Amino acid sequence: MSSMHLTPNLYKRSAEQEPIRNGFGRGLVEAGRRDGQVVALCADLTGSTRMKAFSQEFPDRYIEVGVAEQNLVTTASGMAHMDKVPFASSYAAFSPGRNWEQIRTTICLNDQNVKIAGSHAGISVGPDGATHQMLEDIALMRVLPNMRVIVPCDSVQAEKATLEMAAEIGPMYLRLAREKTPIVTSDDTPFEIGKSYVYRKGGDVSLVATGSMVYHALKSAASLKQAGISAEVINCATIKPFDRETIVASAQKTGRVVTLEEGQINGGLAAAVAETLGESQPAPLLRIGIEDQFGESGQPDELMKRFGLTAPDITQKIKSFLGAETGAKSKNPGKTKSKGGHK
Amino acid sequence: MKHTESELQLLANTIRKDIINMLKTAGSGHSAGPLGMTDVFTALYFEILRHDPATPDWEERDVLVLSNGHIAPVRYATMARAGYFSVSELQTLRRLGSNLQGHPERTRLPGLETTSGPLGSGLSQATGMALSLKMDGQQHRWIYCAMSDGETDEGNTWEAAMLAGKNKLPNLTAIIDRNNIQIDGPTEEIMPLEDLRSKWESFGWHVLEIDAHDIEAVIDACNQAKAVVERPVVIIAHSIPGKGVEFMEYDYQWHGTPPDPEQAKEALHQLRTLEGEIEGEHE
Chain U
152 MSSMHLTPNL YKRSAEQEPI RNGFGRGLVE AGRRDGQVVA LCADLTGSTR MKAFSQEFPD
212 RYIEVGVAEQ NLVTTASGMA HMDKVPFASS YAAFSPGRNW EQIRTTICLN DQNVKIAGSH
272 AGISVGPDGA THQMLEDIAL MRVLPNMRVI VPCDSVQAEK ATLEMAAEIG PMYLRLAREK
332 TPIVTSDDTP FEIGKSYVYR KGGDVSLVAT GSMVYHALKS AASLKQAGIS AEVINCATIK
392 PFDRETIVAS AQKTGRVVTL EEGQINGGLA AAVAETLGES QPAPLLRIGI EDQFGESGQP
452 DELMKRFGLT APDITQKIKS FLGAETGAKS KNPGKTKSKG GHK
Chain Y
153 MKHTESELQL LANTIRKDII NMLKTAGSGH SAGPLGMTDV FTALYFEILR HDPATPDWEE
213 RDVLVLSNGH IAPVRYATMA RAGYFSVSEL QTLRRLGSNL QGHPERTRLP GLETTSGPLG
273 SGLSQATGMA LSLKMDGQQH RWIYCAMSDG ETDEGNTWEA AMLAGKNKLP NLTAIIDRNN
333 IQIDGPTEEI MPLEDLRSKW ESFGWHVLEI DAHDIEAVID ACNQAKAVVE RPVVIIAHSI
393 PGKGVEFMEY DYQWHGTPPD PEQAKEALHQ LRTLEGEIEG EHE
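Chains as they are written, first to last, in our numbering: chain U, 152 to 494; chain Y, 153 to 435.
Bound conformation, chain U alone (with noise of 0.2 Å):
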């Protein structure tokens, strides 16, 4: 879509590649410079959620807290209190993953105004193995009252949405993903907290993906052009609050939905739009991620493709999904949602 402003060689080998949580650092660091009370509190993996950058700028505004994730939320909680704006990172196995009563208690119910940066989120996390593998966290995280919770699809965005987030007041979770993901979006592409974007029109079906999975979604959908099938691609980059009107206008177009997340589809992306096409727009839906199971070691690469989440498989999986569709509808019109709605 022109209007989105997309990168133009995206469906190319060339494609630039970057890790998400790196425009998370570089975020963090021009929020830093904007907002003096901006200030940032690791639990021991500075490096690695790229909190470096803004340590070695702001020293004085920097906690470390050592390996301590329950501690490291309830202190943003306190330093909110005092009207500092805290960004607390860790890996999302361990934050949100060890400290949700914490989360619940001292920052969503006590409405503080504290920015959680989940990095590592997803099977792409690679050879760490399943225990850190964070498929749950936007399940724990949507279910909290108060808690917004934003994943975006690549690097770019994660750079908009963190300086978006320092800007905004209230509880906010950010999923970040430790692999190179390819760059979808440019500068000049829309971003606002609670909104959802067609970055590509259709007819036949809707693909609605979350973080880096957009970019799969957008490259299957180009395969299933070749096959004659029109997918619209909808980046869902905050989960919470969920923007209904686009799943809805466009599953209202398409009649037929699938969605796409690096996590487990129970109590993810899968369930808000079930709950919302449920309420609002009945329609098939095919749930692609992680089927109630944990990750494993492996390469990111081979790890997407053992659970069936790379532009080939999930181009398979979508056919399929509407050739029993088309089927169930040709042969039985009543009984739409007979074999459409498995898994």
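It is possible that some hints are incorrect.
[Claimed, not checked] With a cut-off of at most 25 Å between alpha-carbon atoms, the simulated PhoX-like pairs for lysine-lysine come out as follows:
| id | chain 1 | residue 1 | chain 2 | residue 2 |
| --- | --- | --- | --- | --- |
| 1 | Y | Lys318 | U | Lys203 |
| 2 | Y | Lys320 | U | Lys203 |
| 3 | U | Lys203 | Y | Lys286 |
| 4 | U | Lys468 | U | Lys456 |
| 5 | Y | Lys286 | Y | Lys320 |
| 6 | U | Lys163 | U | Lys470 |
| 7 | U | Lys456 | U | Lys163 |
Treat the hints as calculated values from the structure; they're not laboratory data. Remember, predicted model here, so these are calculated numbers, not experimental data.
Chain U is already provided as a structure; the job is to place chain Y on it using the hints.
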């Protein structure tokens, strides 16, 4: 001092009666902890804290974090007596729609500094506040954290103790209610805490120990804490759980139980007569 010692003792006695009345009306809640910490809270609100009940969010105020939220009745009663809200509102404790939730919620009542209940998180928040003061060079403001001995079972407490010790926070004073009880029994049976003093010292804290019912000692200790500029201070306040009501004192079973109407009547009688030391006025 703004008040004489006997004035403060009288205030504390009034607050204890408020606590009994609140718990009786509510029909649920914790008795032992609030009664045990009444003298400390009286000293804090009427002598120690820099605060303005008419402007609860005054930017120059000292901050009192209550970590063990279940002793909220003592904070509510002391705040009401200090002028934050009307004393009659105390009777709404734990009722639907009340500002006085069973465990304190910051967003419901101006003057509460945190939301608490789940144990072990208060000291971290107080540490974050003291870190902010240090960053901003606000040496004249103070952060107090009232906490329980039972919640030192929580790992989060010690994570905070380490961070505050590391940063040598001069404007942080923790006050531990050392009443030796927790829900399941005596602390030294459930999870031994001793040697509590050396634990804190080894985490880089300056330790003071006082009788939690000697109001002057509480005030002196808080003043002394201000003179310790190189490290955070913890005041281990040795208290009698259920203080002032004979049948509640020292008994861990009153940790999470309210008095029934008969027991409340007896408790109020004891408080009116200072446990039999003086004649009741209208008995």
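Taking the hints in turn, this is what the structure says about them:
1. Y:Lys318 - U:Lys203: Holds, because 20 Å separates the two Cα atoms, which is no more than 25 Å.
2. Y:Lys320 - U:Lys203: With a Cα-Cα distance of about 24 Å, the restraint between Lys320 (chain Y) and Lys203 (chain U) holds, given a limit of 25 Å.
3. U:Lys203 - Y:Lys286: Holds: Lys203 (chain U) and Lys286 (chain Y) sit about 22 Å apart, inside 25 Å.
4. U:Lys468 - U:Lys456: holds, 13 Å
5. Y:Lys286 - Y:Lys320: OK: Lys286 (chain Y) and Lys320 (chain Y) at ~10 Å, within 25 Å.
6. U:Lys163 - U:Lys470: Holds. Lys163 (chain U) to Lys470 (chain U) sits at ~23 Å (cutoff 25 Å).
7. U:Lys456 - U:Lys163: Status holds; Cα separation ~20 Å.
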